[in-house]
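Engineer: Sequence:
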Amino acid sequence: MSTVSSLSKKHKDAPGHRTESLTTPPSVEKIEGQALPSNQDAEQGILAACVVDASGEVISNCIEKGLRPEDFYFTKHQLIYDALLDLYNETIEPDEIVLAEKLKANGNLDQAGGQEGLTSLVSRIDTTAHASFWLDIVKQKSLLRKCIYMAFEMIDGANQQPSNVEDFLANFEQKVCSLGDDQNMRASIPFKEPIQHAMEQIQRMLSREETDGVLTGYTDLDGLTNGFKPGEMIVLAARPSVGKTSLAMNIVENIAFSSKYVDSPKHALVFSLEMSATSLAMRLICGRARVNLNDLRKGFVPRGQAEKLHQTSKEFQQASLWVDDTSGLSINQIRAKARRLKMRNKLDFVVVDYLQLISTESRVISRENQISEISRGLKAMAKELDVPVLVLSQLNRDSEKERRDPRLSDLRESGAIEQDADVVMLLGKHRKGEDVREMDYDGEGEIPEEDFEPIVLILAKQRNGPTGKINLAFRRKFTRFESMEQDHRLN
Numbered sequence: 001m002s003t004v005s006s007l008s009k010k011h012k013d014a015p016g017h018r019t020e021s022l023t024t025p026p027s028v029e030k031i032e033g034q035a036l037p038s039n040q041d042a043e044q045g046i047l048a049a050c051v052v053d054a055s056g057e058v059i060s061n062c063i064e065k066g067l068r069p070e071d072f073y074f075t076k077h078q079l080i081y082d083a084l085l086d087l088y089n090e091t092i093e094p095d096e097i098v099l100a101e102k103l104k105a106n107g108n109l110d111q112a113g114g115q116e117g118l119t120s121l122v123s124r125i126d127t128t129a130h131a132s133f134w135l136d137i138v139k140q141k142s143l144l145r146k147c148i149y150m151a152f153e154m155i156d157g158a159n160q161q162p163s164n165v166e167d168f169l170a171n172f173e174q175k176v177c178s179l180g181d182d183q184n185m186r187a188s189i190p191f192k193e194p195i196q197h198a199m200e201q202i203q204r205m206l207s208r209e210e211t212d213g214v215l216t217g218y219t220d221l222d223g224l225t226n227g228f229k230p231g232e233m234i235v236l237a238a239r240p241s242v243g244k245t246s247l248a249m250n251i252v253e254n255i256a257f258s259s260k261y262v263d264s265p266k267h268a269l270v271f272s273l274e275m276s277a278t279s280l281a282m283r284l285i286c287g288r289a290r291v292n293l294n295d296l297r298k299g300f301v302p303r304g305q306a307e308k309l310h311q312t313s314k315e316f317q318q319a320s321l322w323v324d325d326t327s328g329l330s331i332n333q334i335r336a337k338a339r340r341l342k343m344r345n346k347l348d349f350v351v352v353d354y355l356q357l358i359s360t361e362s363r364v365i366s367r368e369n370q371i372s373e374i375s376r377g378l379k380a381m382a383k384e385l386d387v388p389v390l391v392l393s394q395l396n397r398d399s400e401k402e403r404r405d406p407r408l409s410d411l412r413e414s415g416a417i418e419q420d421a422d423v424v425m426l427l428g429k430h431r432k433g434e435d436v437r438e439m440d441y442d443g444e445g446e447i448p449e450e451d452f453e454p455i456v457l458i459l460a461k462q463r464n465g466p467t468g469k470i471n472l473a474f475r476r477k478f479t480r481f482e483s484m485e486q487d488h489r490l491n
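Each residue of the sequence shown is one higher than the one before, starting from 1 at the first, in our numbering.
Hints listed in this document are in silico derivations from the structure and should not be mistaken for laboratory results. C-beta atoms are modelled at their ideal positions from N, C-alpha and C, and glycine is treated no differently. Some hints here could point you the wrong way.
Now the in silico label distances, taken between C-beta atoms and shown as ranges [as the list claims (entries may be wrong)]:
1. Glu116 <-> Asp156: 25 to 35 Å
2. Arg303 <-> Glu368: 14 to 24 Å
3. Asp156 <-> Pro190: 39 to 49 Å
4. Cys147 <-> Thr127: 49 to 59 Å
5. Phe133 <-> Gly157: 42 to 52 Å
6. Met199 <-> Asp156: 31 to 41 Å
7. Met343 <-> Val98: 17 to 27 Å
8. Gly213 <-> Phe133: 39 to 49 Å
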């Protein structure tokens with residue numbers, strides 16, 4: 001017998017035991033002889049206020065604050081509030097007589113205390129002045145009971161020894177974080193308030209004090225997007241070995257060391273499901289220090305470059321960057337890890353490398369449906385954490401076979417990625433025929449021919465802005481992307 005079930009049976013005959021709840025939460029009535037959190041006076045007070053308030057303001061406030069029948073501890077109070085909601089939906093002004101008729105029609109009058117009980121309930125208050133105070137008490141007691149129910153549910157689940165403990169913990173972490181959602185429901189506000197806040201932000205943007213997104217450090221890309229916005233899911237897709245990871249890590253580096261964020265440094269988290277954290281660190285250090293990684297592996301590095309490597313490594317150690325290279329993470333685990341980091345530290349940007357390597361809990365559904373589920377989960381994470389989430393993805397072979405630029409339909413395995421993403425960027429080889437060597441390269445010094453590869457970054461979708469093409473130079477020996485100064489809207 002489960003912990004919850006045994007406790008319910010043990011206290012079945014305890015004084016004040018209530019009958020089956022409308023939502024049937026775990027029937028834990030007492031814990032070691034102590035009753036669950038509740039306040040009978042507050043519950044009666046808010047119900048009486050809903051009945052006697054002819055204006056309907058009290059029950060409207062209850063609905064706006066998310067008060068539900070199950071938030072009441074006593075069953076008769078749940079039934080009364082449920083009947084009040086019915087009357088509200090039918091636009092009928094309640095009193096004890098009308099309420100009694102509604103309860104009778106629902107078959108709940110006797111359980112709710114009968115006509116005498118309703119009359120006694122209404123006579124308990126003389127004014128509705130304290131209704132909001134009673135409402136807060138009822139909501140708080142309900143939240144505490146939910147915490148207790150969840151604790152016992154977790155005990156029962158742990159006793160069943162789940163095969164995947166990480167998923168088990170991630171599931172409960174999600175439930176714990178969602179407990180307070182109802183408490184944080186905002187009331188309607190005059191539109192002049194957000195208008196004022198928007199104008200303040202506009203003024204900062206006009207004075208170049210602030211952008212409305214996280215800047216990538218690539219001038220043309222930032223010119224098109226004005227930075228990646230909080231809550232956005234940004235997809236960066238390419239064929240293998242074109243440079244998805246390199247570009248993503250260059251963006252992370254630019255965010256971490258941007259002079260625009262000196263006073264308020266940005267905090268980034270990278271989920272590397274393909275490469276180890278050490279490999280990523282080596283690539284970042286060598287790329288920023290402009291040191292050839294292959295030469296380093298052979299030990300052919302001049303002393304000046306060695307000192308630069310040490311200096312660069314110290315810069316990265318001071319940067320607000322986190323990495324998780326656990327392979328085979330599920331979407332729930334990724335969301336839980338990111339949520340936990342944001343609760344403990346600040347978080348402004350998340351990278352997931354890459355989407356097709358995220359595992360799914362269901363093995364029955366098709367791969368396309370699995371990818372759709374993962375894509376929805378990543379978009380939900382972006383909105384939940386209110387940060388931009390850059391997701392790397394693979395493209396199918398069609399663009400290579402047809403010798404053309406990649407397009408949205410080339411996103412591998414699911415159209416849901418295209419649908420869920422706010423921004424889609426596609427990396428492809430330059431195929432336009434013009435001499436890209438004549439473009440104005442804004443990097444450092446001359447580029448040797450063998451170290452230069454022109455790459456086009458196609459901004460194929462932007463939900464709230466223009467699309468276009470951006471030319472980049474890929475420095476092979478540094479595995480690093482640099483900007484090419486040219487009009488980003490190419491024909």
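Engineer: If any of the earlier hints don't hold here, list their numbers in rising order.
Structural biologist: Result: hints 1, 2, 4, 5, 6 and 7 break, sorted rising.
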